[in-house]
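Going down the list, the protein sequences come from chains A and B. Counting the first sequence from 1 gives a position; the working numbering is that position plus 513. Counting the second sequence from 1 gives a position; the working numbering is that position plus 513.
Any given hint could be a false lead.
If chains are identical, the list can't say which one is meant, so a pair holds when it fits in one copy or spans any two.
The calculated DMTMM-like cross-link candidates involving lysine to aspartate or glutamate, where the alpha carbons are at most 25 Å apart (straight line), are [stated by the list, open to error]: (1) K655 to E597; (2) K566 to E551; (3) K696 to E769; (4) K846 to E645; (5) K576 to E855; (6) K569 to E810; (7) K739 to E597; (8) K735 to D673; (9) K739 to D673; (10) K741 to D865; (11) K739 to D546; (12) K553 to D872; (13) K569 to E551; (14) K739 to D572; (15) K739 to D759; (16) K741 to D759; (17) K741 to D616.
If you are wondering where the hints come from, they were derived from the structure by calculation, not from laboratory data.
2 protein chains.
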Amino acid sequence: MGRLSMIIVVFICSFSLLISVNASDGIRQLRFDKNKGEFKILQVADMHYANGKKTKCRDVLPKQVAHCSDLNTTYFIERMIQAEKPDLIVFTGDNIYGTDTTDPVASMNAAFAPAVSSNIPWAVVLGNHDQESTLSREGLMKHIVGMNHTLSQLNPFGVDVIDGFGNYNLEVHGTEGSSSGNKSILNLYFLDSGDYSTVPAIPGYGWIKPSQQFWFQQTSMKLQRKSKAPGLAYFHIPLPEYSSFDSSSYTGVELEPGNPPISSASVNSGFFTTLVGAGDVKAVFVGHDHLNDFCGELTGINLCYAGGFGYHAYGKAGWSRRSRVVVASLEKKSNGSWGAVEFIKTYKRLDDGNLTVIDDQVLWTKTPSMKW
Amino acid sequence: MGRLSMIIVVFICSFSLLISVNASDGIRQLRFDKNKGEFKILQVADMHYANGKKTKCRDVLPKQVAHCSDLNTTYFIERMIQAEKPDLIVFTGDNIYGTDTTDPVASMNAAFAPAVSSNIPWAVVLGNHDQESTLSREGLMKHIVGMNHTLSQLNPFGVDVIDGFGNYNLEVHGTEGSSSGNKSILNLYFLDSGDYSTVPAIPGYGWIKPSQQFWFQQTSMKLQRKSKAPGLAYFHIPLPEYSSFDSSSYTGVELEPGNPPISSASVNSGFFTTLVGAGDVKAVFVGHDHLNDFCGELTGINLCYAGGFGYHAYGKAGWSRRSRVVVASLEKKSNGSWGAVEFIKTYKRLDDGNLTVIDDQVLWTKTPSMKW
């Protein structure tokens, strides 16, 4: 064998090894659990983490004030991880509260510490408050993507032009060794919904831009060409269509005192239409409005809040901080093997003594007539 | 000189010649008139052309019925061209009425004939009825781009993925030989607003998709890097934001009997937000609703209808068919040369004996405080 051939063979072997390491790395490739046929996501919205023990809680009962700090947020995450053992933890923005943060890197490290030490994969999008310290949104995401066990990405590989930081997708493959073991049967999308409008004529919050929608639409189309998998989307700021419901048409509550009680951008940037057009996303999960925790269904898509999680975030004294869990379950075939996703359900847990489960509901079923 | 050098020189010379021919070709490069410092656009909305003399008029007075056909539409265009001598004619869709068309190529040839024979550059976007005969939207645009004197394009050069057919932009350069003679000082955008929704969950008309908005936003940004020129956008189906006005806030009328009287898509695809974000487009011109002919201003952008032009289109007996004219005027500097666009005005003409001018109004001025 000539020297050049040897170099080529060594190169091919190294490359194969690299692929094989990635494919077998449980952290890198999300997949359904082969015992239960489930994939579980824990959503943590609006931690508003600042400086740990020194940072006091907002809107808690008088008896809680003295001993309440960011550490209560940390302890709540740890308990949720312990109780749920999720396959993925998603932080949907306002992870740190920039204004009160002395050192944003230290705040992020502390905020995400329970996820890092759990060895569970975790993913982040940014809110509107994260960059209000000394780090830009790009700087924040660059730090996050370098942390242990995170699947967060700065932006999608191979896309030259995209607004924001932290737009990416993750594939959840079927159970190991199964026929769907090497393809996505649950598509997860993460988008940067921005912070504030930079257009002088438009006041208020940011929105998901055409570049991001185009990337989403193209990605969804490519994934659906391979497999008709359902999808879930996570970002921070609610879409204007979150205002389409009332108490008769949602599960949960809408306690935000604002008028309107939905703090979306002041303009409609069309992402809901793009989601409906793409067809795979069955539910959207945001944070931002800490006192709204509902899910409402519009044109086949569930629009869900998680409710506020963090103790340094505004809240309502006596109204528990909370977290949303999503579980996608596979169909069990007659031969005992796992099929496609059969249904997706969600519930919330309150930060009380029992981590009480509330508002358990099915968001989507593969067969529309499936009964519960 | 070596052979290779000679080939290179010949190549460079040929290339320069090619550029020079294109630049001096009045048909290919739109530019402001150097005598008046003006650029005038005639908009023809909803001709609904079918088979010429054999195709009867709709919604005309009883005394007009016997001698009224598509030829009345042709005659109206001819008179408008004669009266206005525009620098560009824009046909904003439903140019032919596919359902009643025996031969779509013959219908298009007849519909656009007055523009072709005028030697004036003309541009086309499609409506929702054009493809209702035997030619697809792609087929229609492919025929159109091959016709004489048209500046219509199938889709933008170098863009791999874009929804629809007939998305393109045209630059209007400054007067010949002036400092702005080789750059766009008025940006024109043409978009395919589609026909009908192809998404089962969304009924009704089509909309401008993320791929098109991304192209528009990128094109606008590139143009504005070179020059802060105002822009105008032409397409067929009104945006949902056309519903933002009442008679106290628009100029013209809203006589459509529908509820709502604005037949936009049933969803908001965000193009208005994208337009506001881009910043250069000062006015949008659509057709589609033949009995609406107003302009209303929202967040710095005028949303204008042209009013129905064609006699085989539905209309209102006794309410004249009409056409919209837009005139962009350059600032005259103290040394007598022309500067940037100083103001953009519009008016309509009715198809009566005098081609009566109505609703003359200023849409945009370079200096916001400029008085009229």
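Checked hints:
In this assembly of identical chains, the alpha carbons of K655 and E597 never lie at most 25 Å apart, being 29 Å within a copy and 58 Å across copies at closest. For the identical chains of this complex, K566 and E551 are neighbours neither inside a copy (36 Å) nor across copies (68 Å), given an alpha-carbon limit of 25 Å. Neither within a single protomer nor between protomers do K696 and E769 lie at most 25 Å apart by alpha-carbon distance, with minima of 40 Å and 51 Å respectively. For the identical chains of this complex, K846 and E645 are neighbours neither inside a copy (51 Å) nor across copies (46 Å), given an alpha-carbon limit of 25 Å.
For a Cα distance limit of 25 Å, the shortest separation of K576 from E855 qualifies neither inside one copy, at 45 Å, nor across copies, at 66 Å. When the C-alpha separation of K569 and E810 is checked against a cutoff of 25 Å, the pair qualifies neither within a copy, at 36 Å, nor between copies, at 48 Å. Taking the closest pair of Cα atoms, K739 and E597 never come within 25 Å of each other, the shortest separation being 31 Å inside a single copy and 55 Å across copies. Proximity of K735 and D673 under a CA criterion of 25 Å is satisfied in both settings, with 18 Å inside one chain copy and 15 Å between copies.
In the homo-oligomer, the alpha carbons of K739 and D673 lie at most 25 Å apart both inside one protomer (24 Å) and across protomers (21 Å), since each shortest distance falls under that limit. With identical chains, the CA atoms of K741 and D865 are never at most 25 Å apart, being 39 Å at best within one copy and 58 Å at best between copies. In this homomeric assembly, K739 and D546 come within 25 Å of each other (Cα to Cα) only inside a single copy, at 21 Å, whereas the closest approach across copies is 55 Å. Taking the shortest alpha-carbon separations for K553 and D872, only the intra-copy value of 16 Å comes in at or below 25 Å, while the best inter-copy value is 61 Å.
Within a single copy, K569 and E551 get their C-alpha atoms no closer than 38 Å, and across copies no closer than 65 Å, so neither meets the 25 Å cut-off. Within a single copy, K739 and D572 get their C-alpha atoms no closer than 48 Å, and across copies no closer than 52 Å, so neither meets the 25 Å cut-off. For a Cα distance limit of 25 Å, the shortest separation of K739 from D759 qualifies neither inside one copy, at 38 Å, nor across copies, at 49 Å. Neither within a single protomer nor between protomers do K741 and D759 lie at most 25 Å apart by alpha-carbon distance, with minima of 32 Å and 45 Å respectively.
Taking the shortest alpha-carbon separations for K741 and D616, neither the intra-copy value of 44 Å nor the inter-copy value of 40 Å comes in at or below 25 Å.
When held up to the earlier numbered hints, the structure conflicts with 1, 2, 3, 4, 5, 6, 7, 10, 13, 14, 15, 16, 17 and fits the remainder.
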